[in-house]
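Assembling the complex is the task here: the two chains are given apart, and the hints tell you how they should meet.
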Amino acid sequence: MTDEPALLRARGIAKRYGSVVALRSVDLTVEPGEIHALLGANGAGKSTLVKVLAGVIRADAGSIELSGEPIHPRKPADALRSGLATVFQDPALIPDLTIERNLRLTGVEPARVREGLEGMGLGGLDFDAIAKEVPLPILRVLDLARALVHDPQLLMLDEITAALPADLAERVFIAMFERRDRGRSVLFITHRLAEVLRVCTRATILRDGRDVAAIVPGEGGEGRLVEAMLGEVAATAAEASRAEPRIAEERVVVEARDLTSRDYLRGVSLRLRAGEILGLVALEGQGQDRLFDVLAGDRPSDGGELLVGGTPVRPRSPYDAIARGVVLIPSDRAQALLPQRSVRENLASALYNRVGRWFSLLRDEERRVDGVIDRLTIDTRAQRQARRLSGGNQQKLAVGRWLAAGFEALLCFDPTRGIDIHTKDQIYGLLRELSAEGAAILYYTSELAEIPLICDRVLVMYDGRIVHEQDAASADEAMLLGAAHGLQGVGS
Amino acid sequence: MSLDVGPARDTLIGGEPPARRAWMRVMSERPLMVLGAVLVALVLATGAIEPGYLSLRGLRNTLLLAAPLGIMAAGQTLLMLTRGIDLSVAMIGTAAAYVAGNQSPNGAGIAIVLGLVVGCVAGATNGVGVGVFRVNPLIMTLALSGIILGLFTQWAQTFLQGSTSVAPFIRTIGAGSFFDHRIPWNVLIWGAVAIVMIGGLRRTGLGRMLYGVGDNPEAVRLAGVRIWQVLLAAYTISGFFAALGGILLAGQSGAVDLRLAQNFLLPSVAAAVIGGTSIFGGVGTYSGTIFGALILSVLNSMLTFLDAGQAVKQVVYGLIVLALAWLYAAVTRAE
Chain H
5 MTDEPALLRA RGIAKRYGSV VALRSVDLTV EPGEIHALLG ANGAGKSTLV KVLAGVIRAD
65 AGSIELSGEP IHPRKPADAL RSGLATVFQD PALIPDLTIE RNLRLTGVEP ARVREGLEGM
125 GLGGLDFDAI AKEVPLPILR VLDLARALVH DPQLLMLDEI TAALPADLAE RVFIAMFERR
185 DRGRSVLFIT HRLAEVLRVC TRATILRDGR DVAAIVPGEG GEGRLVEAML GEVAATAAEA
245 SRAEPRIAEE RVVVEARDLT SRDYLRGVSL RLRAGEILGL VALEGQGQDR LFDVLAGDRP
305 SDGGELLVGG TPVRPRSPYD AIARGVVLIP SDRAQALLPQ RSVRENLASA LYNRVGRWFS
365 LLRDEERRVD GVIDRLTIDT RAQRQARRLS GGNQQKLAVG RWLAAGFEAL LCFDPTRGID
425 IHTKDQIYGL LRELSAEGAA ILYYTSELAE IPLICDRVLV MYDGRIVHEQ DAASADEAML
485 LGAAHGLQGV GS
Chain E
-6 MSLDVGPARD TLIGGEPPAR RAWMRVMSER PLMVLGAVLV ALVLATGAIE PGYLSLRGLR
54 NTLLLAAPLG IMAAGQTLLM LTRGIDLSVA MIGTAAAYVA GNQSPNGAGI AIVLGLVVGC
114 VAGATNGVGV GVFRVNPLIM TLALSGIILG LFTQWAQTFL QGSTSVAPFI RTIGAGSFFD
174 HRIPWNVLIW GAVAIVMIGG LRRTGLGRML YGVGDNPEAV RLAGVRIWQV LLAAYTISGF
234 FAALGGILLA GQSGAVDLRL AQNFLLPSVA AAVIGGTSIF GGVGTYSGTI FGALILSVLN
294 SMLTFLDAGQ AVKQVVYGLI VLALAWLYAA VTRAE
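Taken in sequence, the protein lines are chains H and E. For the first sequence, the numbering used here assigns the number 5 to the initial residue and increments by one for each residue that follows. For the second sequence, the numbering used here assigns the number -6 to the initial residue and increments by one for each residue that follows.
In isolation and in its complexed conformation, chain E is listed as follows (with noise of 0.2 Å):
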């Protein structure tokens, strides 16, 4: 009976023209085959402005620019789909970087390390914070975020002096590129971490847990899951990519300051929305957040063609979040 429903959705949004109705249910059924497309064809219209785009180095700043957001991305996903969200990336992601500029005298190997850790840290009490204690996820993560930045100001000019520029190898894997300089070395491990997301919500016990959260805590935590462990396993992972995404950054810009992730915060959830991944929890796929990372590479370069300053972005990125959330919204209500 489920699945006759034709005449339903024939009342449910009648007054609708047949080619929308087609065109929203391609949208929920086939969702990368249409960023895919939008994909292509902002690809295209940014080498209409500016030629040069269509070649591979024009491709290459894209994907340089791509991965950390794309990585930054990964635990936005991871999430939402538990019905959260992550507002300290950016700040995370900051925080280290830095510390991986502050410890790069002492080896690249340590920088990295020593960041990764400041990301598990930081993202395990996001973890506690909402596992555990129950905070609301946007309080939590904004609370921490500011709480990193206040930290970090203050041990910039006490312990956390001395070198703000990166490791070689730091820089290498940030914007070097192989094969002729023409894939960047930060999209191989962006690959990496697309294969442990992807590989791990589908084909882990933990990724059946966070699609599990999300859709109904309840249903879950009677089938004996204790949720706090879910969240704080999620967090986390999110502090840990975030801390990656900023320190691929950092090897970009070549130096550290305070406000090197500042601007990847929207972008990130933005990534993951336009992946299809629902703010409400229980929906979403990686797969998505690749391409919606992709989308908006693609689109920050077709902006700077266009000369828009940072401002500009800032304000389309916020017109698409909002959009899409009213066009998921609207394909939900479809169904």
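With the rest of the complex left out, here is chain H (with noise of 0.2 Å):
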């Protein structure tokens, strides 16, 4: 190996975005005719490695050689001339234009795609339809059929197969098969290990922003890969201490009989009970994006039925769905924050959303603001401007209009991403009381230590179907992301 050298050589690559490191220091070597996984969990650094390698950001420090060569990609365009090409998470196309027009625009010839689409079975692509009204899969296939002109050295595929059925990701193992058996190499990022058991010849693991360790995936099989990718996580959750198990009220708050929307889900059943939390785990792109849209009246359902309170309803927008008392806390904090206006104004954003309550401010608007201030222990220094406030104190926020405006179900989407451990714990004790006063609590997080920590039952959500469910108590990560990744009777 030391004579020949490895065609992809990267070494110490970091990057940070302001206060959030994304990469601490990540080595990865990738050797000729290989196809390499790049593993991780949500968070890990994967997609940011990728957008380095790619040109697309540039790293706070490493250094990258193609072989044996340093390269310094600026631009998309400068790794695409060493070999380099990637397909990234989300289409790179622009939705309003034909197909055709957005292959000319990035200087491809159109002949040349519809070839590679033979290839892969879909040469009957009308590449003049919009590109927004062609389905996504097909849009995958469309941008590694574009990548794939360029015959590069290396090529990057980003979470390809989240979106694509099972015959399409066959599809697509082929056509990487067919580039590793001439000698190139492809980086295959994917949350599905036995994808990677089945076409990769080696793994490298990332946690928290640093390469972990380097495995053939074969020799010891998932345990090894789940193992690696949680790390010490696992150890400490089994250590901290657990929720106080309870029982729940038999109420049932809010209730999906089957819920079907497009491809993302595919009959969701759950019931969510008041007076418990409820914990959702799913890799990225399952589905649970969509469910809580639905949940939170957001977008229709297609099919299948919703109740609350016993009642079934169709939601059409979020006001309906608040008006029952559903009120969600979205993924992004800044979707709940009025950034220019003061912390007062924003915790009763959430109080004036029915005309009826135009005409004047509630009597009580300074005692209920005052009453979640308190509550929440909020930072009130910075008061004028939440924009000015810590994450932490932000995502307080957007619990808080909630608490300002009352409601029955609280439906919570990943709220301690990227905030403060002491947060956390307050974010937690918070939905721990809130559930012990009645209030029924949803908890999807991107994090499993977090389900035995306050969840009362988990459900796990993979390809738009929930299932795996649970007493969060007796939850095992290992198990849980075995779920997760649609495998059976993995870890314990």
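Treat the hints as calculated values from the structure; they're not laboratory data. A couple of the hints might just be wrong.
What the hints assert, rightly or not - Here are the computed distance ranges between Cβ atoms for each label pair:
#	chain 1	residue 1	chain 2	residue 2	range
1	H	A170	E	A136	49 to 55 Å
2	E	S158	H	D374	56 to 62 Å
3	H	R261	E	I188	51 to 57 Å
4	E	Q303	H	L109	46 to 52 Å
5	E	Q307	H	A338	37 to 43 Å
6	E	S246	H	A327	49 to 55 Å
We put the beta carbon where it would ideally sit given N, CA and C, even for glycine.
Written out as structure tokens, the structure reads:
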């Protein structure tokens, strides 16, 4: 191996966004003619690394060598010229243009893309179709065909299979094998471990912005991969105090029966009871976003039934859901924040969503807002503009505006992402208190360790369905992660 | 942590001289003080050009002009808070005044009410276009402005034929004064508008939602607000104020024609912008707009004394809007 230089050798790649460290220091080596998996939990730094290699963003530190020659990609075109082609997580197409125009825009000959698509069984795709009207899986394959036109030394695929049905995924694998057999290499990012075991020769595992292991997937199987991805998190969570087991009330606040929505939800049924925190675990792109959208009234479902308090409902806007007491804390706290308004106005922002309340201010507004500030211990030093608050305090506003307005069921989408431990702890405590007071809470988290800490029950979602349910207290992370990857019998 | 902006600020605009930085801080923290100072300076400068100006009579003329402008700019302020704008204020004002003039023979009361109804209907049309059909506010209001002009050009020769002079009562509230001819009546009406605007923006749920829609539409939507309702209300109110301003203008000139308010569009935007209302929404107060309208009116008097025509005035207003848009952007960056 020392005689022949590796195809790609990245050393000490580091990248931070403001105070958030995305990559601490990552080494990655890809040999010629291999399919190399890049694995890691959500937020481990996989996509950032790909963007650095592809020239989309510049690393703060580190070096990249291609076949022994140092390269410094400053823009995607540089990377492409050196032989690195990338299919990014989101389709790189302009939604309002036709496929043909999109291809010409990137300087690719449509006829050559057509050839590639024929190889993958999609030769009949209408290139005059507007991109946004073409289904997502087809666009992913189109992106791949476009990248293949450049015949790159290294092809990087960022979660290309996440949106693909099995038959298309199979076609993608065949294309990957073909490249491997011609001595080209593929860097393959996926959350599906079964795919890694099947197609990858080696795997590099990232955790918290570092490469923590390089594994040959065949040796040790899924168990070792899961272990390496989880790392010490598994150990700490096991030691941490678990939530007191409680018995929820029998009253079901929100019930979903066989909800469907396009390809995102393929029949989701769940019961959310008063006084419980129901955890939801899923890898990215398994339909959890859509489930929250449907429950919160942001998108209608295609089929199935939704009941709130026992009454069938079809919310057509967030207002309809909110009027029934079902409220959302969105994944991105910027979506719940009035950045230029004061803390107090932010907390009162859900009080005036009815025209009947437009003509004055609520007489008890001050009392409600004071109550929330006290209860959440919101830092009011910078209260003139909410954008000056820390991320944790902003997250408190997102929760707080519903405390001020009142609710029956709280839908929390990853509410502790990117906030400090102390604030996390406060939010756990608050949610436990609220549920003890009778609130029903649905809690999606990308951090498995949180499940036994605050939830009563946990559901696992995979490919648009609930595939697993158990008591949170006995939830084992390896088991959850296995179920989330669509595997059975992983771990304990 | 967020309060400690010292070092960050230094690195951000490190090259700027300290005086300029201090000035920018005053601009961002005490905008009304700065506006007041500018206003006083302009009044004194105008007085230096024309000594007669610094009298109740001179100032009366400025106020007489400032009131309809300030009232029209009230609607503009509301809409800019929601990230919108109304390019049809001048035309709506003209249309309302035209109807009021036409109906004057039936009595001032009916004339005024019908004029205001025209404003509300036109405003609501804008509101439906922007709020329900999501038409870009610039396009929607520009198009409606064209439509109104076309319709009224036609109607002026058909069923709106007849009276073009306004009832005496409208002339009184538009141009008359009380307290020994010192204070114009229209300033009193402007005062009432100011109380409603300032109080409404601060002390009502709708006021909160106007700021909210402009600051982050997604956040208020997820709070259950139906944004179209807020926009419909805002555009309708703006139409009402445009009509009120137009009717007062008709009272000033005594007669109506289809060019009555045409020079008020740019100044109505300028007054709000001078007053610190952000065209990007979510930031601004009506107190600021009041100062903006006063500053523009004084400037107008000054330009008149300098024998500048309407063309020069429009150039000056345009330059002021551009300069301030740049200045506020600079202040925001400095923050």
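Structure-based check of each hint:
1. A beta carbon spacing of about 51 Å between A170 of chain H and A136 of chain E agrees with the range 49 to 55 Å that was offered as a hint.
2. Taking 56 to 62 Å as the suggested C-beta distance range, the pair S158 of chain E and D374 of chain H conforms, at roughly 58 Å.
3. For the pair R261 of chain H and I188 of chain E, the beta carbons lie near 54 Å from each other, so the given range of 51 to 57 Å is met.
4. In this structure, Q303 of chain E and L109 of chain H meet the distance hint of 46 to 52 Å, their C-beta atoms being roughly 47 Å apart.
5. Between Q307 of chain E and A338 of chain H, the C-beta spacing of about 40 Å keeps the proposed range 37 to 43 Å intact.
6. Taken as a hint, the range 49 to 55 Å holds for the pair S246 of chain E and A327 of chain H, whose Cβ atoms sit roughly 51 Å apart.
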